[in-house]
Amino acid sequence: MAGDRDRRRIFWARWRAGRRISQIAFLAVFLLLIFATADLTGAGYDAGNVTRVPWPVEAFLDIDPLALLLVFLSTWTVPSTLLWSLIVLGTAVFLGRFFCGWVCPMGTLNHACSAFRPTLSTAARIRANRPKPGHRIKYYLLAGSLLAALCGSAIAGLFDPLSLVTRGIALTVLPVIDFVAGGFIGRMSAADSTAVQQISDRLYDGAAGLLVHHNGLLVSGGLLVSLFFVAVLIANRFHPRFWCRYLCPLGALLGLSGQRSLLVLRKDESKCTNCGKCEKACSGAASPLPGTDWQRAECDLCMNCVAVCEDDALHFAAVGGLGEQVADGPDLRKRHLATGLAAGALLVPVLRRGGVTGPEGRPDPACIRPPGAVAEEDFLARCIRCGQCMKICPNNALHPALDEAGVEGLWTPVLVPRVGYCEPTCTLCTQVCPTAAILRVSENEKTGARGAALVRIGTAFIDQGRCLPFGMATPCTVCEEFCPISPKAIRLEEVTVTVDGRSIVLKRPFVVPDRCSGCGACEFACPVHDQAAIRVSSAGESRSEHNRLLL
Amino acid sequence: MTDAWNRREFLKRAALGCAGVSACVGGACLSSDRGRDEPVKRAAVRQVRDFRAPQQEDRPRLVVAGGDPDRAVRAAVKELGGIGAFVKKGDRVVIKPNIGWDRTPVQAANTNPEVVATLVRLCFEAGAGAVVVTDNTCNDPERCFTRSGIWKAAQAAGAEVILPAEHRFRDYDMGGIILGRMPVLVPAVSADRFINVPIAKHHGLSKFTGAMKNLYGILGGRRNRLHQRIDDSIADLAEFIRPTLTVMDATRVLLRNGPQGGNLADTQEVGKVIASTDQVAVDAWSCRLIGLTPADLPYLALAQQRGLGTADLSRVKVTEL
Numbered sequence: 053m054a055g056d057r058d059r060r061r062i063f064w065a066r067w068r069a070g071r072r073i074s075q076i077a078f079l080a081v082f083l084l085l086i087f088a089t090a091d092l093t094g095a096g097y098d099a100g101n102v103t104r105v106p107w108p109v110e111a112f113l114d115i116d117p118l119a120l121l122l123v124f125l126s127t128w129t130v131p132s133t134l135l136w137s138l139i140v141l142g143t144a145v146f147l148g149r150f151f152c153g154w155v156c157p158m159g160t161l162n163h164a165c166s167a168f169r170p171t172l173s174t175a176a177r178i179r180a181n182r183p184k185p186g187h188r189i190k191y192y193l194l195a196g197s198l199l200a201a202l203c204g205s206a207i208a209g210l211f212d213p214l215s216l217v218t219r220g221i222a223l224t225v226l227p228v229i230d231f232v233a234g235g236f237i238g239r240m241s242a243a244d245s246t247a248v249q250q251i252s253d254r255l256y257d258g259a260a261g262l263l264v265h266h267n268g269l270l271v272s273g274g275l276l277v278s279l280f281f282v283a284v285l286i287a288n289r290f291h292p293r294f295w296c297r298y299l300c301p302l303g304a305l306l307g308l309s310g311q312r313s314l315l316v317l318r319k320d321e322s323k324c325t326n327c328g329k330c331e332k333a334c335s336g337a338a339s340p341l342p343g344t345d346w347q348r349a350e351c352d353l354c355m356n357c358v359a360v361c362e363d364d365a366l367h368f369a370a371v372g373g374l375g376e377q378v379a380d381g382p383d384l385r386k387r388h389l390a391t392g393l394a395a396g397a398l399l400v401p402v403l404r405r406g407g408v409t410g411p412e413g414r415p416d417p418a419c420i421r422p423p424g425a426v427a428e429e430d431f432l433a434r435c436i437r438c439g440q441c442m443k444i445c446p447n448n449a450l451h452p453a454l455d456e457a458g459v460e461g462l463w464t465p466v467l468v469p470r471v472g473y474c475e476p477t478c479t480l481c482t483q484v485c486p487t488a489a490i491l492r493v494s495e496n497e498k499t500g501a502r503g504a505a506l507v508r509i510g511t512a513f514i515d516q517g518r519c520l521p522f523g524m525a526t527p528c529t530v531c532e533e534f535c536p537i538s539p540k541a542i543r544l545e546e547v548t549v550t551v552d553g554r555s556i557v558l559k560r561p562f563v564v565p566d567r568c569s570g571c572g573a574c575e576f577a578c579p580v581h582d583q584a585a586i587r588v589s590s591a592g593e594s595r596s597e598h599n600r601l602l603l
Numbered sequence: 161m162t163d164a165w166n167r168r169e170f171l172k173r174a175a176l177g178c179a180g181v182s183a184c185v186g187g188a189c190l191s192s193d194r195g196r197d198e199p200v201k202r203a204a205v206r207q208v209r210d211f212r213a214p215q216q217e218d219r220p221r222l223v224v225a226g227g228d229p230d231r232a233v234r235a236a237v238k239e240l241g242g243i244g245a246f247v248k249k250g251d252r253v254v255i256k257p258n259i260g261w262d263r264t265p266v267q268a269a270n271t272n273p274e275v276v277a278t279l280v281r282l283c284f285e286a287g288a289g290a291v292v293v294t295d296n297t298c299n300d301p302e303r304c305f306t307r308s309g310i311w312k313a314a315q316a317a318g319a320e321v322i323l324p325a326e327h328r329f330r331d332y333d334m335g336g337i338i339l340g341r342m343p344v345l346v347p348a349v350s351a352d353r354f355i356n357v358p359i360a361k362h363h364g365l366s367k368f369t370g371a372m373k374n375l376y377g378i379l380g381g382r383r384n385r386l387h388q389r390i391d392d393s394i395a396d397l398a399e400f401i402r403p404t405l406t407v408m409d410a411t412r413v414l415l416r417n418g419p420q421g422g423n424l425a426d427t428q429e430v431g432k433v434i435a436s437t438d439q440v441a442v443d444a445w446s447c448r449l450i451g452l453t454p455a456d457l458p459y460l461a462l463a464q465q466r467g468l469g470t471a472d473l474s475r476v477k478v479t480e481l
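Chains A and B are the protein sequences, given in the same order.
Letter by letter, the first sequence follows residues 53 to 603 of this note's numbering.
Letter by letter, the second sequence follows residues 161 to 481 of this note's numbering.
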């Protein structure tokens with residue numbers, strides 16, 4: 053019988069290998085798509101090429117059932133691209149948390165951080181891999197998330213694992229690589245040797261576009277994003293797959309969907325020697341040990357338990373039959389669930405007190421949204437903070453908000469013109485939003501060319517005290533020169549002033565508000581370096597009924 | 161945790177930790193750019209990058225040629241004595257178009273890509289060893305190089321297209337009246353020959369931007385401050401760079417809302433190319449295409465005073481083909 057047993061072990065070990073290959077492949081595709089979330093430029097493109105993204109770079113967000121549910125509950129509409137997520141929901145119905153163990157890039161990163169040279173000793177790992185009361189938190193978080201969505205906020209996108217990993221890689225890992233690699237290459241290029249400089253040029257050309265973004269991505273709002281992401285990864289060292297077991301609302305959703313799944317872990321208690329290998333290897337804390345109840349909603353089908361069992365006591369099989377020791381779903385406490393729901397329901401009105409939305413709301417001048425963004429209330433109902441728009445922005449103009457959009461708007465995208473302006477003919481961010489928080493906008497709408505209605509994200513205001521021709525009798529027309537709208541939204545008025553008997557002809561800028569798109573090119577280019585003499589605020593944004601400037 | 165560390169384990173971990181921390185600190189030091197502020201030796205005399213070819217005639221010549229871009233450029237250069245008079249075998253030639261803006265060729269904010277490509281081919285026909293096409297853009301460099309069509313056209317013609325990455329700038333003490341120490345795009349000035357290929361455009365402040373103003377594109381840093389004394393700074397630049405040849409693209413010109421335009425109504429088809437070794441004369445002649453006269457442009461007079469060229473068109477031998 054030993055031969056038979058070995059064959060079965062090999063069989064399950066192959067399934068485990070298949071799971072590993074699947075994880076690596078999906079992570080690789082995910083990373084490639086993140087790299088591809090960029091402007092397509094180069095010698096291969098024709099003049100005037102409307103730089104578009106040819107691949108579905110937001111694919112991993114399109115298959116996110118949590119995003120679908122959040123947007124559906126908050127807006128009672130469904131962005132058609134998110135319908136792909138029904139496939140994932142479907143696999144969950146039949147296979148439980150298969151997605152978590154085999155596909156999810158966040159799960160794979162957590163898995164890798166937990167399993168690679170683990171810090172915990174064998175005994176500690178076995179203890180850590182047993183079900184904990186805390187593992188229920190994710191269900192309460194899911195309940196709160198859905199109720200918050202019902203109250204009109206997609207704020208739970210902060211905890212969506214696909215959103216979290218996209219944001220984490222795009223706004224944390226890549227900028228750090230950029231900073232370190234770019235800085236290193238920069239030092240090389242400053243060397244006193246032509247040979248070293250040439251090597252640095254080659255390195256830069258090799259890295260450019262792939263790793264090194266030519267103007268960096270580090271801003272204040274990004275720090276919190278980084279801390280959160282790094283904390284999630286580090287937690288794995290103390291509690292394997294901490295995020296997936298304790299907090300992940302998508303995992304909770306998939307686990308609940310799979311309560312009638314077709315696969316079940318069969319346990320043969322008579323063969324079990326209680327060696328504990330299955331518990332040590334379990335990635336979901338799902339109680340694989342014979343004699344305990346298998347936690348179906350926690351199992352991510354990683355195939356570790358069946359592959360490590362040397363006693364032939366465990367195997368996966370179709371549901372129905374002998375040897376099923378299955379828990380009756382997650383053991384949720386009604387009071388905790390009620391607390392979660394109440395928290396979700398209270399969150400939105402509490403966070404919105406002070407008011408950035410609604411007719412009485414006072415929009416923050418710094419809350420400049422990307423072009424094509426829907427009205428603020430709808431925006432907060434849709435934005436899951438995935439960071440795709442920020443990653444793709446060629447000018448590094450979009451950044452995760454800190455408080456510009458109120459507390460609720462944490463990490464939603466805002467334009468920071470001093471760092472980068474909205475490129476006049478670029479429509480990339482409008483192409484990648486998975487939840488239709490940013491709607492598609494054409495090039496002509498962005499510049500008002502060919503009679504298209506101008507899409508405005510704000511309006512430029514001149515600070516006359518700081519403006520050189522106004523306050524300092526010094527010639528300058530940089531804002532007018534940089535204004536990409538034609539006819540210009542910034543015009544010049546010629547005046548002559550006399551200084552010490554010398555007459556100086558000045559061209560003083562003024563803004564033509566109905567021409568101004570709020571792109572921020574003027575603020576970006578203004579030579580008053582610390583605080584620009586012309587600044588964009590959200591006033592006049594065309595998405596808002598209330599934040600209008602003109603009649 | 162049940163297994164306590166022994167001494168060896170402790171030392172190992174401590175050493176690893178120290179190595180990690182010092183790697184981070186080292187990385188931070190490496191990536192900070194402190195080293196960049198090293199003092200640059202101050203030049204005793206005004207720095208000049210003189211790329212001029214030896215000239216025989218006293219009176220500057222200027223050629224205006226029409227037709228499609230390729231034919232016009234070839235005819236104009238031929239009339240000036242042929243490309244062989246300017247580019248020798250094995251020369252490294254820099255071609256400096258205007259690639260300032262995220263605009264398409266038809267919007268006439270950047271040099272026509274065909275004009276650039278023809279010049280690249282001409283240089284190779286004269287036996288040039290390498291031809292570099294570069295510029296420091298105002299909008300995102302990659303978009304400007306792509307959407308202007310110059311990246312594709314120049315690369316197809318065999319040129320090395322160099323984007324203005326930050327590390328390609330070095331501080332030069334230019335010793336001008338306005339231009340002191342400025343970061344300069346090194347590949348733009350590391351050459352045997354320099355061909356300036358501007359486009360004729362309106363400009364809100366300097367009124368006309370053509371050959372001399374196009375040289376702004378070799379500067380980095382905070383060049384937006386130069387607008388405070390734009391005429392002097394243009395003259396300074398023209399003094400710093402003495403091009404081998406200037407070929408003005410006036411196939412399509414920008415009449416208003418310069419220098420970036422954006423509206424087809426602002427442009428006009430002219431179908432001309434103007435070539436000369438005298439960049440001041442080129443500007444003096446070309447500014448009339450957008451309805452100005454040389455007297456409207458103070459920087460032309462400044463340049464003439466400094467002996468950089470001829471603003472007075474009556475003293476220029478103009479050949480219209």
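Please note that the accuracy of each hint is not assured.
[Unchecked claim] Here are the simulated lysine-lysine pairs, DSS-like style, with alpha carbons at most 30 Å apart:
(1) B/Lys-238 / B/Lys-248
(2) B/Lys-367 / A/Lys-559
(3) A/Lys-332 / B/Lys-249
(4) B/Lys-238 / B/Lys-249
[Claimed, not checked] Pair ranges (Cβ atoms, derived):
(5) A/Ala-88 / B/Glu-429: 37 to 43 Å
(6) B/Arg-173 / A/Ile-251: 32 to 38 Å
(7) A/Ala-69 / B/Arg-173: 29 to 35 Å
(8) B/Glu-320 / A/Phe-146: 52 to 58 Å
(9) A/Gln-311 / B/Gly-177: 41 to 47 Å
(10) A/Ala-111 / B/Glu-320: 50 to 56 Å
(11) B/Leu-424 / A/Leu-83: 37 to 43 Å
(12) A/Arg-492 / B/Leu-176: 25 to 31 Å
(13) A/Pro-108 / B/Ile-337: 52 to 58 Å
Just so you know, these hints were derived from the structure itself, not from any lab.
Backbone N, C-alpha and C define an ideal beta-carbon position, used for all residues, glycine too.
Comparing the hints with the structure gives:
no.: 1; hint: B/Lys-238 / B/Lys-248; result: holds, 15 Å
no.: 2; hint: B/Lys-367 / A/Lys-559; result: holds, 12 Å
no.: 3; hint: A/Lys-332 / B/Lys-249; result: violated, 73 Å
no.: 4; hint: B/Lys-238 / B/Lys-249; result: holds, 17 Å
no.: 5; hint: A/Ala-88 / B/Glu-429: 37 to 43 Å; result: holds, 39 Å
no.: 6; hint: B/Arg-173 / A/Ile-251: 32 to 38 Å; result: holds, 36 Å
no.: 7; hint: A/Ala-69 / B/Arg-173: 29 to 35 Å; result: holds, 33 Å
no.: 8; hint: B/Glu-320 / A/Phe-146: 52 to 58 Å; result: holds, 57 Å
no.: 9; hint: A/Gln-311 / B/Gly-177: 41 to 47 Å; result: holds, 46 Å
no.: 10; hint: A/Ala-111 / B/Glu-320: 50 to 56 Å; result: violated, 36 Å
no.: 11; hint: B/Leu-424 / A/Leu-83: 37 to 43 Å; result: holds, 42 Å
no.: 12; hint: A/Arg-492 / B/Leu-176: 25 to 31 Å; result: violated, 50 Å
no.: 13; hint: A/Pro-108 / B/Ile-337: 52 to 58 Å; result: holds, 56 Å
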